[in-house]
Amino acid sequence: MASDAVIDVTARYFAAFREQAGTDAERVTTGAATAGDLYGELAERHGFADARGRCKVAINDELSDWTAPLKHGDVVLFFPPVAGG
Amino acid sequence: MASDAVIDVTARYFAAFREQAGTDAERVTTGAATAGDLYGELAERHGFADARGRCKVAINDELSDWTAPLKHGDVVLFFPPVAGG
Amino acid sequence: MSFRISSTPIDPDELKRRLPDAHAGACVTFEGWVRDHNEGDAVNALEYEAHEPIAVAEGTKILAEAAQRFDIVAAYGEHRVGRLEIGDCAVWVGVSAAHRGAAFDACRYIIDEIKHRVPIWKKEHYRGGAAGWVNCATGASGTRRDSEAAETQ
Amino acid sequence: MSFRISSTPIDPDELKRRLPDAHAGACVTFEGWVRDHNEGDAVNALEYEAHEPIAVAEGTKILAEAAQRFDIVAAYGEHRVGRLEIGDCAVWVGVSAAHRGAAFDACRYIIDEIKHRVPIWKKEHYRGGAAGWVNCATGASGTRRDSEAAETQ
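Residue numbers (the numbering used here), protein chains in the order written: chain X, 378 to 462; chain L, 378 to 462; chain P, 1363 to 1515; chain F, 1363 to 1515.
No wet-lab data here; the hints were simulated from the structure. Nothing here was measured: the structure is a model prediction, and the numbers come from that model. Treat the hints with care, since some could be wrong.
Residues from chain L that keep clear of chain P, each with C-beta distances beyond 10 Å, as calculated [claimed, not checked]:
1) V386
2) R422
3) K448
Covered stretches of chain F, going by a simulated chain X footprint (3 or more residues, C-beta under 8 Å) [what the hints assert, rightly or not]:
4) 1372–1382
5) 1395–1407
We treat Cβ as the ideally placed atom computed from N, Cα and C, and that holds for glycine.
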């Protein structure tokens, strides 16, 4: 079944997430079906405290949303709350 | 009676008023009791078409209003509608 | 916090250098430029005239009002007089503040009030050779331009 | 109409020179400066980080939205990354338009949207030596700064 598929993706972390994860990118083998599921998994692993609603996700350098399905080989970028200006 | 007093004042004209009056200043002998009365007199003489409500008056280099009383020797500045910027 | 009338070109850089402050996180500037049209008429050039003592006093009063109404750090303004060509800067307003909301609001307040209250007049020279004082009911002479909406910007 | 991320100092004059146009009668610029405090904390310096490809794409989209919503002639934006000291320019936005209302509204729209949507992050370095990412719930590490109100300006 597709929902049980295990894929390899690259997770990239920025700003506070990078510091909390201790790395700017890592290879992840996951059963997560969506970007949001993957965030849940990684937030638990690295102690990310920010709610998904305040953060953003991009897949392969395009802004995406948390319900977007993941496929093998995707590069998933996790953006903590922005603070430009 | 004070209201019948005749005084000498200097009227100064700016921008459109100057061009319509053909001079930037003139000596006026008048029975006008207020700046507004004087404007009425001079508007008729020079054909100023602007309503008082759109114009401004200054007496002796201070912005004033149309009900201000005039006294002998005052310099009365007539400002057509402003258009800075 | 001062307002000037200038018969030489406005120097926005020199003016902007008066605004910085360690407490200021936002800077908003406004420039009014002579544009090539006004309400459908092709404009070649403009001539500005001011009554300098009252213009400076009224402009300075407007800056003080802005400082009282909005939480700003500094504000300056300058208006040009004389003959200006297309693209020339007719008026400059700059405001610094801790936060951007106050800087935007104060800058807009200042230019709006300048346009309505400061004794400055604008004569437009049109492409066909005619000329007219903006906002004035000029009666017999010149082009009639009686609209409150006639503004450079 | 373009949005840039820069690792070298922003040059407001160079950017402003892109705005003039014979149809433009108004120019509004916004600059965000590093100020010495944020919500009561004394700030020494800031560090900005961006994801450049998405920051440029999102910033350019915001400029295009502004051009659609407001009657403007031109709009540009630039955001600095790297370490900045008090007084340094972190972000610049400039808009030209025929009339001032559209120039003010568009400039404000652009900076508001940049602050909420463009992937840029700000780490504040406080006088005491601590540091923290603005707006982030940083959990165990660093200073907790969880307020939506924390902004440079």
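Quick check: which numbered hints come out false for this structure?
Hint check: 4, 5 fail, others pass.
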